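Q: Residue strings, one per chain:
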Amino acid sequence: MIHELKAAPDQRRTFVIAPNQSMSWKELLLAYCAISGVSLAIAGYFWVHGLTLVLPFSGLELLALGAALYTTAWRGGAREVITITDDSVHVETGRTGPEQRHDFQRYWTRVVLRRHWNAWHPSRLLLCSRGVEIEVGRFLNEQERRGLAEVLRSAIKQYA
Amino acid sequence: MSYGTTHERHHDDHDHKPTGLGRWLFSTNHKDIGTMYLVFALIMFFVGGAMAMVIRAELFQPGLQYVDPQFFNAMTTMHALVMIFGVIMPAGVGLANWMVPMMIGAPDMALPRMNNMSFWILPFAFIMLLSTFFMEGGAPAGGWTMYPPLITQLGDGFPFLIFTVHFLGVSSIMGAINIIATVFNMRAPGMGFMQLPLFVWTWIVTAFLLIASMPVLAGAVTMLLTDKYFGTSFFVAAGGGDPVMFQHIFWFFGHPEVYILILPAFGIVSQIIPTFSRKPLFGYESMVYATAAIAFLSFFVWAHHMFTVGMPLAGELFFMYATMSIAVPTGVKVFNWIATMWRGSMTFETPMLFALAFVILFSIGGFSGLMLGITPADFQYHDTYFVVAHFHYVLVTGAIFALMAGAYFWLPKWTGHMYDEKLGQLHFWLSTISVNVLFFPQHFVGLAGMPRRIPDYAVQFTEWNMISSIGGFAFGLSQLLFVWVVIKCIREGKAASEQVWEGARGLEWTLPSPPPFHTFTVPPKVDAATAHS
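Heads up: the sequence lines are chains A and B, in that order. Sequential numbering from 12 applies to the first sequence in the numbering used here. Sequential numbering from 661 applies to the second sequence in the numbering used here.
Isolated chain B (complex conformation) (with noise of 0.2 angstroms):
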C-alpha cells in the first residue's frame, strides 16, 4: 500500500514559512522565486518601457528634439537587451518555477539551491549593464547583436556589457538544467511524457534551446572581448578574421533565442485556450511534435537574418525555404487552438482575451516573418521600421500578451484572490488597442522606406511617427494598469476556489488557491482528470 495523500490532509498543519527578508535573499522554495523572478520581470518591463517612452518622444517629429544620436542608439539597444533578457526571459522563467513543480506533482525544482542563484545572478548583472550609462563613452549603442567592429568602439562600458551577457547566459543555464532534471526526474507516478502539460513541454524544448544556444553566444562575445583586448582577430579583418562570421555566430544563437522567447508563450496560451473552450487541446500530440519541429528548425535558417551581406544563392535559396518551412509546424499550431475554440463553450475572462489577441496578432507578425523570410523581398525591408514592426508583433502582441494572459489566468491561483475583471478587461482593451496603433503603423513607414535605429527621419514619415508614438505612449500607461490589478488582487477580491476556472483542468488547479508553502510533499497519483489539460 501507499500513504500518498492529497494535500488537503497535511496542508495546512505545518505550513512553515520563513519570514522576513531572509524569506527573499535565501529562498529555496520555487513558488517564492517564481515570484520574485515575475517582480523583477515587472519592473525592468517598466525600466525598458521607460527607454521606449524615450524613443517614441523623439520620434513624435522629425529632427532632434529631446536626446543626441549617440544616446538614442543606446536607448534602442538597452531596450531591447532589458526587454529580451531582463522581461521576457526571466518572466517565462518566473512562470516556469511557479507552475512546473505544481503541474507534474513535484515538491519543488530539482535543485532549490541553484534556483535561488539562477534568479540572484540577474538583478546583479543588470545592475551592471545599467551603471554603463555612468561610464566613460556612455551605454552600448551599436544594437543589441552586438555586432562588430562597431561594437568593440565603445567605451568603458564595453566590458561590462560582455560579462552581462555572460551573467545572463550563465543564470539561463541554470535555470535550463534546473528544468530538465525536475521535469525528468520528479514526475509524479503515472504522469509520462505524453501527460504532461503543454507548458511543461514548451518549457522542456525550451531548456534544450538554451542549453544547445547559449554557449555560442558566451563564445562569440568572449571573442569579442579577446579581439579588443587581447589581440586575437577572430573578427578582426586587418587580422585576417572576418566581421561577417561574428553574425553568423550571433544569429545561430540569436534565432534560437526568438523561439526560447516564444515557446513558453506557446504553451501558456495552449493552456489558456482549452480552459475557456471547456474542451480539451485538440491535437495534443500535434502541439508537441510541433514545438520541437519549430525548436529544430531554428537551427537551420539563423542567415535570413543576414541576406543583405551576402551569401552564394544556394546559401540564400537554402535559408529561404528553412524559414517557410517553419510555417508549417507553426501553423499546426495556430489550426488546433482554432479547432480546440471551434463549438467551444466559450466564455472571455481577461485571460481568454489576451489569449484569442495573441493568436490573432502573433499571426500577424508570422506573416510579416514571411515576407522577411522571402531573400529578394528583404533585400528592400531590411533594416527598415517593417522590421520592427515584425519583431514586435512577435515579441510583444506575442510574447508578453502571452505572459499578460498567464499572469491574469494564474494570479487566482498565487493569490487566493480573483482579480478585478472589470479592470482586467479594461487593460486588454487598452492594451490591444493601443499595442496596433503604436506597431501597424511601422508598416507603412517601413515599406516606405523609413530605416530603422535612427532618431531622425524624412518630413513624409511624420504622420504615422506621430501616430505611433501616440499609441506607445497610451500602450506604456496601460501598464500601470496591469500593476494596479496585481496589487489589488494580493489585497483584496473575492476569494478563489481550487479550480478556479471552470474549465481548468490539471494537478495544478487541485491545489488550494493559494497553495501551501509546501506542495504535493507526498506525490500524487495522475489519472485521466488531471492529466494534460
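Excised from the complex, chain A in its bound form (with noise of 0.2 angstroms):
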C-alpha cells in the first residue's frame, strides 16, 4: 500500500510505503497462542494416555504455523518512508522505527524501474543518483510499484 501524507506546508511530499496487514502482530500472537494451546492440550492428553508419538507432529505442525504466520507478520512490518523536499530526496527503511536512511539531491535523483529479462519475476524500482543505488518498494506488487514509480517520477520532476 502507498500511502502519502498530508501536503506540509514547506510544500514537501512524504510518501509512506507499507504491506498491507490486517492483522497486528499482538493480536496474531494471541491467535497463534489460541491455537497451540487447543492442539496441544489434545496432544498432551494422548500423551498421558501413552499415546507419545502425536506430541512430535502436533509439534512439527505448530512450528510450521507459527513460521508461516511469524513469515508473513515480519513482511507486512517493513515501512519505507520517501520524503522529497526542495533539494533532496530521503528515503527511511526500517520496521519500528527508522533502520537505515539515504539521502540524495534531488537534482540528481532518477526514479528506474528495471524489469527482469524473465517475466515471472518482479521489477525492481531505484532511486538511482551519483552512481548510488537503492530499491524501494520491494514488498509491492508489479502494479502498486509501477504506479509508485510513476508517482515518484512525477513528484520528483514536479520540483526540479
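Hint data in this document are derived by calculation from the structure and do not stem from the laboratory. Since this is a predicted model, take the numbers as computed values, not measurements. Warning: the hint list may mix true and false statements.
[Claimed, not checked] FRET-style restraints, in silico, Cβ to Cβ:
| # | chain 1 | residue 1 | chain 2 | residue 2 | range |
| --- | --- | --- | --- | --- | --- |
| 1 | B | F720 | A | L40 | 54 to 60 angstroms |
| 2 | B | T688 | A | L74 | 21 to 27 angstroms |
| 3 | A | L40 | B | P940 | 33 to 39 angstroms |
| 4 | A | H127 | B | Q1085 | 43 to 49 angstroms |
| 5 | B | G682 | A | R86 | 21 to 27 angstroms |
| 6 | A | E146 | B | P940 | 41 to 47 angstroms |
For every residue, glycine included, the Cβ atom is placed at its ideal position computed from N, Cα and C.
Both chains come to you apart, so use the hints to assemble them.
A: As C-alpha cells, then:
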C-alpha cells in the first residue's frame, strides 16, 4: 500500500510504503497461542495415555504454523518512507522506527524501474543518484510498484 | 491520500502470465494452483468412481460375479480413501485457492511457494497409494479406518499406505496454514472478520479443525507402523497394548474430518442461496457461530462411531447426547438457508438447483445420522448398509453436490464464459434422480440387516441392490456430462460479465471474468456493497 501524507506547509511530499497487514502482531500472537493451546492440550492428553507419537507431530505442525505467521507478519511490518523536499530526497527504511537512511540530491535523483528479462520475476524500483542505487517498494506488487514509479517520477520532476 | 484503485485501471496492461508446462509445475499463482487442485479432484473423482462401479457391479446380484472378496474389500477401502482425501478435500482446497484471495481482496495466498508444494505432494501421494494394487498382498483392504490388527496384516502395501496418509496430512496442513495466514494477514482494509463471506469463514474453521486433528491421525498411523516394524505394542494386545484405543484415536481425528469435508460445502451453499434468492443471507452472525459450534462439538462425539465395541453406560449417554447436540447448530444453518429463500426473488439456475438439493438431501443424511447417534438403535444399525446410505447422503448429496454447485456458480468467473444452462440442468436432474435411486434403497437393505463391506449377500436383498446398482451406473455416467459442460464452457459460451449473476455480491464479483492473472494488486476498499452477501 502506498499512502501520501498530507502536504506540509513547506511543500515537501512524503510517501509511506507498507505491505497490507490486516492483523496486528499482538492479535496474531494471541490467535497463535489459542490454536497452539488446543492442539497441545489434545496431544498432551494422548501423551498422558501412553500414545506418545501424537505430540511430536503437533509440535512440528505448530512450528510450521508459527513460522508461517511470523514470516507473514514480519513481511507486513516493513516500512519505507520517501520524503521529497525542495532540494533533496530522503529514504528511510525500518520496522518500528527508521533503521536505515539514504539522502540524495533531488536534482540528480532518477527513478528507474528495472524489469527482469523473465516475466515471472518482479521488476525492481530503484532510486539512483551519482552511482548509488537503492531499491524501494520490494514488498509491493507489480502494479503497485509501477504506480509508485510514476508517482515518484512526477513528484521529483515537479520540484526540479 | 491513497493510491488504492480498482483493478479496471491496470488489469489488462501488464497481465504477465508464464506459459507452457512450467506455468503449472512451478506456479505460485493462487488461480493456477486452484485450477490444478480442481482438475486433480475431478480426475480422482473418476478413479474413485470407477472403484464404486466395480463395487456396484459385484453387488448387482448375490454370489461372486467379477472379483474375489479380497479385491472387493480393496475396492471399498481405496474408494473411500480416494474420495475423501483425493476428491472432496482437494476440491475444497481448490475452491479456497481460487476464491479466498479474491473474496478478501488479497493479491494471492500468503505463502505461494508452500501452496505449490502442498498441491504437488498430492499426485505423488496418490501414485504411491494406487501402486499398492500391484504389490505383494495387494492394496489396503481393511477399511479406510485402518483398524488394527486387520490392517497390519496387509502385505508390502502397508508402509505405502502409512506414508500416503502422512503425505496427504502434510499437504492438508500446509493448505490450512496458508489459509489461516492469508485470511489473518491479507484482508483488504475495512474487511473485519464479521465482514468475511461465509465461504471464507467456513474455511477458517476448517483450517483450525485440520490443525487440531491431523497430528492425531499422523501419530496414530505412525504407531501402527512402529507396531508392525519396530516391535512396539501400542495397539498389540499380546504386548499389553489396546487395539480399541486405535479406534478412539482414529475417530478423534475421523469425526472432525467429517466436518472438514462438509463445512466448506456449507460455505459454498451460503454464497449461492442468497445470490439466487436476491436477498442477503439470513442470520449471518448465527451462521458464523453455528459453524464454530459444529467444529467445537465435533471433538466430543467421536465414540458414536464405536458404540458397539463396548464402553461404560455413562460414556454411551455422553456421546449420544453430544451427538444429538450437533443437530442444534446444524438446524440453525438449515433454518437460515430456508429463511434466506423465504419471499426471495428466486431463480433456479444450475448452482441454485444443486444448492437446494444439498439442503434437502443433506438434511436426510443428517436425520439418519441422528438415528445412528441413538446408542441402542445404533447397536442395530451398526455396520449395515444403513450406515453406508447415511454417510453417502452426507458426502455425495452433501459435499459433492455443494462442490458441483460451487463449480457451476464460479465457472463463468473462472473461464469468462457462461456454461450451457440446459446441459447443466440436465446434469443436475440426472444426478439427483440417479443418486437417490443409488443410495435411498440402501436404507432399506441396511434396516433389513444387510452388512456393509461384503461382496455377497442373502438373496432377500437382491431387488434393492439391483436398483441401487442401476442408480450407481446412471450417476457415474451422468458425471461425464459434467466434464463435457466444463470443457464446453472453457472453449465457448456467452461472455460472462463481471457480476455474472444478478444477485451476486462480494469482492470477487467486482473483478472481470475471467479475472486477470494478478488480482487486487492494490487492496480494494470494502463497503456495504462489497461486504459479504
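Q: Now look at each hint and say whether the structure bears it out.
A: Status of the hints after comparison with the structure:
| no. | hint | verdict |
| --- | --- | --- |
| 1 | F720(B) - L40(A): 54 to 60 angstroms | holds (59 angstroms) |
| 2 | T688(B) - L74(A): 21 to 27 angstroms | holds (23 angstroms) |
| 3 | L40(A) - P940(B): 33 to 39 angstroms | holds (34 angstroms) |
| 4 | H127(A) - Q1085(B): 43 to 49 angstroms | holds (48 angstroms) |
| 5 | G682(B) - R86(A): 21 to 27 angstroms | holds (26 angstroms) |
| 6 | E146(A) - P940(B): 41 to 47 angstroms | holds (46 angstroms) |
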